[in-house]
Amino acid sequence: MEIKATLIRDELYKEIEERSDQKILNCYQCGKCSAGCPAVAFMSLPPHQVLRLLQIGSNEEVLRANSFWFCSSCFTCASRCPRSIDISKVMEALRFLLYRKGITPLSQDMLDEELEKDTPQQALVSLWKKST
Amino acid sequence: MKYSYFPGCTLHEQSKSFNQSTLASSSALGIELEELKDWYCCGAVFPLRADDIMSLLSPVRTLIGAKKEGKDLVTLCAACYQVLKRTNYLILEDREKREKINNYLEEDYKGDVKVLHLLEVLRDNLGWLGLREKVSHPLSGLKVAPYYGCLLLRPAKEMTFDHPENPTIFEDFLKSLGCDVPDFPYKTECCGAYLGATAKDVVSQTVYNILHGAQKRKIGALIVSCPLCHYNLDFYQGELMKEKSELTPIPIFYFTQLLALALGLSTEVCHFEEHRIDPLPFLGVIK
Amino acid sequence: MKKIGVFVCWCGLNISRTVDIERVIKEVSRHPQVVVSTDYKYLCSEPGQNLIQKYVEENELGGLVVAACSPNMHELTFRSVAQRCGINPYLCEMTNIREQCSWVHDDREEATHKAIDLIIMTVEKVLRSDPLYSSTVPLTKKALVIGAGISGMESALDIANAGYEVSLVDKRPYIGGHMTQLSETFPTLDCAQCILTPKTAEVARHPNIKILPYSEVVEIKGYVGNFEAKIKRKATYVDWDKCTGCGICVEKCPQKTYSEFERGLKERKSIDIPFPQAVPFKVTIDKESCIYLKKNKCGVCAKICPAEAVDFQQQDTIIEEKFGAIVVATGFELLEGDDLAEYGYGKYKDILDGMQFERLNSSSGPTSGKILRPSDGKEPKELVFIQCAGSRDREKGVPYCSRICCMYTAKHARLYKQKVPDGQAYIFYMDIRAGGKGYEEFIYRSVDEGNILYLRGQVSKVFEEDGKLMVWGMDTLSSKKIEIAADMVVLANAMIPSQGSKLLASILKVGTDEHGFFQEAHPKLRPIESLTRGVFLAGCSQSPKDITDTVAQGSAAASKVMAMFSNDTIKVEPVVSLVKKEDCSGCFACEIACPYGAIEHEEYKGRQVAFVNAALCQGCGSCTVACRAGVVDLMGFSNKQILAEVEALLWK
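Protein chains in written order, with my numbering: chain H, 1395 to 1526; chain E, 116 to 402; chain S, 1175 to 1826.
Source of the hints: derived by calculation from the structure; they are not laboratory data.
Backbone N, C-alpha and C define an ideal beta-carbon position, used for all residues, glycine too.
Just to be clear, a hint being listed does not mean it is correct.
As the list claims (entries may be wrong) - Derived, one-sided and incomplete: chain E residues facing chain S with beta-carbon distance under 8 angstroms:
1. H278
2. N281
3. P300
4. K331
5. E358
Stated by the list, open to error - Computed list of lysine-lysine pairs in DSBU-like fashion (alpha-carbon distance at most 30 angstroms, straight line):
6. H:K1408 x E:K215
7. S:K1570 x H:K1417
8. S:K1408 x E:K258
9. S:K1408 x S:K1496
10. H:K1417 x E:K333
11. E:K333 x S:K1552
12. E:K359 x S:K1552
Stated by the list, open to error - So the derived label-pair ranges between C-beta atoms look like this:
13. S:E1482 x E:D239: 31 to 41 angstroms
14. S:R1204 x E:M169: 58 to 68 angstroms
15. E:L207 x H:R1494: 23 to 33 angstroms
16. H:Y1493 x E:K131: 52 to 62 angstroms
17. E:K131 x H:L1419: 24 to 34 angstroms
18. E:L207 x S:D1280: 27 to 37 angstroms
19. H:I1497 x E:M169: 20 to 30 angstroms
20. E:N240 x S:N1813: 36 to 46 angstroms
21. S:T1371 x E:L207: 51 to 61 angstroms
Modelling step: build the complete structure from the supplied sequences, incorporating the hints.
Here you go:
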């Protein structure tokens, strides 16, 4: 792939940094985030690769991934990151970019009534806030 | 010992087992929990976007309400605790955001309400020895491990609840009740949180790992402080049992349910009927 | 009034990029006392210095202002130029328009203004400068080396071989430091003891070296050339003059305790010699665990000692001695505790640190050199090494690279494979830093001979499961999460300054960096010196380094000491405080303010007044600020000079 200054620090990259308040280039790719992530097996890109692709300007590839929808904001990555990057905040910024465009993993029929009755409010509110 | 009490939505509505066992036990221990007159949903998740100010207004309103009552604020649900405590931290540490938030509010808030988890009250005000003295029905013989989950502990700098990798507060609590507490490395692994509806596979997997890890260590039951952890570990356990024959049932308790039992309170406050995995066979050991 | 010459340096583009030099010399030349105002591309160069000399001679200048870099860099250069021209060096001052102006500003307009202000301030100062003359004091040609590890020993030997006396102090009861604990050394796999023992033996028998084991420096007074040290010899409860090292007492002692030398892998007796090659080969009683010293019972050692050497009444003693120079070689230790909790360090027995693994490998160690699990004594077949455990971690642990871990981990893996041929070693690493002679080759020979699998990434969690240690790591090259059920895990813990460094630094009045390592005077050009004259740094006390570099720095520190000792006197800077005694009220606020104990009392016209001992004064100026009457002046920075500078800025 071609790399150019204008490609790697585009508006989208800056927006992700701003909304997450994290400096993506701080990541030195140790992969500790991915090693401890409870959902890494389900992600199309492990967390450290999300950061790497952002570093090299492959933003679109990142937005096509599903990783952030599998992130439960458990902060395991953030609490162990040797570079003090809160990856869960980067994931949140990415989710925001997508649901702003109307893309969300939620669908109307996802919760049947019975499930809705049993599921704690906490789960429903969380899900709603994290997906829309 | 008087405190303001923030039950949060789930305890207020669904998790009677958590709420009532808490109120009954506290009162038995001389800890008065007075429900806030005016409280709002905490928002369930702490807003992680730097520009999301709106989501902070509701927890700040609750904190202002608590300030008016002039007592420390006690909460139980891990999510509520996380949101209220991190909001407080942000208000204290981030002047710019504090000003922005206060611009939206009728009155200024400076972050001066102390947000406590009931476990902290037990540890710091009653003391583990004090608690041990109040236990009339020791749970000896019960092999119980704590399941902390995520929100009580992380991020450690903001939560300052316990060490994020090697927490011990639940262990100390369980030992005070007379339980046998084994090492349980999965105690800080995520249960999958709210992903159940959109990514059921994740929750099935994380719950399986936790339960299987407990089973390998011959742990009879787990205690939690989060309705969502409880739901995932209890409800999904029921689902998993259908397909994974190797799993044996591991009842999931709110820590206050075991507290109520150890204090000799009526089992009615525990609302065991809310459990999917029946805890009674396990509890039979103590009788 | 003096005629002043102002010389503005471009420093190539360093200054001229941001400061408009042409405008600076024009503006400055308007000052009535400035008769020369000129510039040059590199004033520190020979033509630059000659240029200054030419202007001085042609214009009969009485004072010089050189606006260039930091005086830390070139004050000496330009003051020498002044001296060559017959001007007292202290009538030449530098204005720092590089570090304090061009480098830290972007705006050319503002930087130019600032440069002009700074230069005019210096002009006003030089106009009020008086000539100063340095003096000399006698020098004690005896060195104190603190820390008897490989670095301190090397330093001591070099100084001693040059014919000077050395006292070599160590807090442990033996000399040799951490190297005594090592098995083999990279990149040659030399046996550590085999290359170390000739050194320890030489140190012990050297007529010019006095070794003071089990001792600590508790007080340093005085100044360069004439330090007065108090050294505490901790009680060993054994008369070492009588002890023959026969070891009967060790055998019979009923009390076991934690062994620092074996890092807890084996217990030791309360009375003990830590290892077979220990120098001096004498027993020491640990007062924390000894039954007799704690409960007044037992005393078996005293009863059976054939030399009657055990002395429970022994007390700590203080030695007082004068030294001309001090070498700090206090070494390192490993990061421990909660910062490494995710790796299960301190929680599971089969998770070791690098030093513990050295002990396992050592033929005199707890397993006689066999690689066995501390938990069950079984040979581990799957062994995981984790590099950067706590290093390069700015969230917790330390942000710096500990420098030696890449190499010793490769060595560990290779030694393991030699001893357990059917075993597999895995190394989690982030980068392999092998920048020493023969190091890169060593890494790949180890990969080749040891069949080591290097996994590029960090480990997030280690915990016990089914009798194994479950390691969750990442291989970022394949983007695969790696799970290894290991039999043993070895961490390359971060290196941190040895315990007590901070306290020693305050005793020596030298600085430490943000991590607690001793601060060198300049990171590039004065890495051996501390900021206190006469105190030199060696080995890991200054920063993490390997044995090669440690030995080199030990020798370097020795050469600094020797250079000093090759003179009979030592030059003392004239930048010291002076009390105008007729105006001194004798309140002695200056005495409280002085961190060097340089203020003395003097009788003047029937009353007590303050007097500055010029040899002790370091020219910090604290006293001048403390003096309410303003009668203490720091030479070269007098009150009238400083106020003139301030006024130049205010009334420009």
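Hint-by-hint comparison with the structure:
1. H278: Interface hint status for E:H278: holds (6 angstroms vs cutoff 8 angstroms).
2. N281: At about 5 angstroms, which falls below the 8 angstroms cut-off, the nearest Cβ of chain S leaves the hint on E:N281 intact, so it holds.
3. P300: holds, 3 angstroms
4. K331: holds, 7 angstroms
5. E358: At 23 angstroms from the nearest chain S Cβ, E:E358 fails the 8 angstroms test, so the hint is violated.
6. H:K1408 x E:K215: holds, 23 angstroms
7. S:K1570 x H:K1417: holds, 18 angstroms
8. S:K1408 x E:K258: violated, 49 angstroms
9. S:K1408 x S:K1496: holds, 20 angstroms
10. H:K1417 x E:K333: Distance of about 44 angstroms is beyond 30 angstroms: violated.
11. E:K333 x S:K1552: holds, 25 angstroms
12. E:K359 x S:K1552: violated, 34 angstroms
13. S:E1482 x E:D239: 31 to 41 angstroms: Given about 56 angstroms between the Cβ atoms, the range is violated.
14. S:R1204 x E:M169: 58 to 68 angstroms: holds, 60 angstroms
15. E:L207 x H:R1494: 23 to 33 angstroms: Holds - the Cβ-Cβ distance for E:L207 and H:R1494, about 30 angstroms, lies within 23 to 33 angstroms.
16. H:Y1493 x E:K131: 52 to 62 angstroms: violated, 34 angstroms
17. E:K131 x H:L1419: 24 to 34 angstroms: For H:L1419 against E:K131, whose Cβ atoms are near 50 angstroms apart, the range 24 to 34 angstroms is violated.
18. E:L207 x S:D1280: 27 to 37 angstroms: holds, 34 angstroms
19. H:I1497 x E:M169: 20 to 30 angstroms: For E:M169 against H:I1497, whose Cβ atoms are near 21 angstroms apart, the range 20 to 30 angstroms holds.
20. E:N240 x S:N1813: 36 to 46 angstroms: Hint violated: Cβ distance 59 angstroms, outside 36 to 46 angstroms.
21. S:T1371 x E:L207: 51 to 61 angstroms: holds, 58 angstroms
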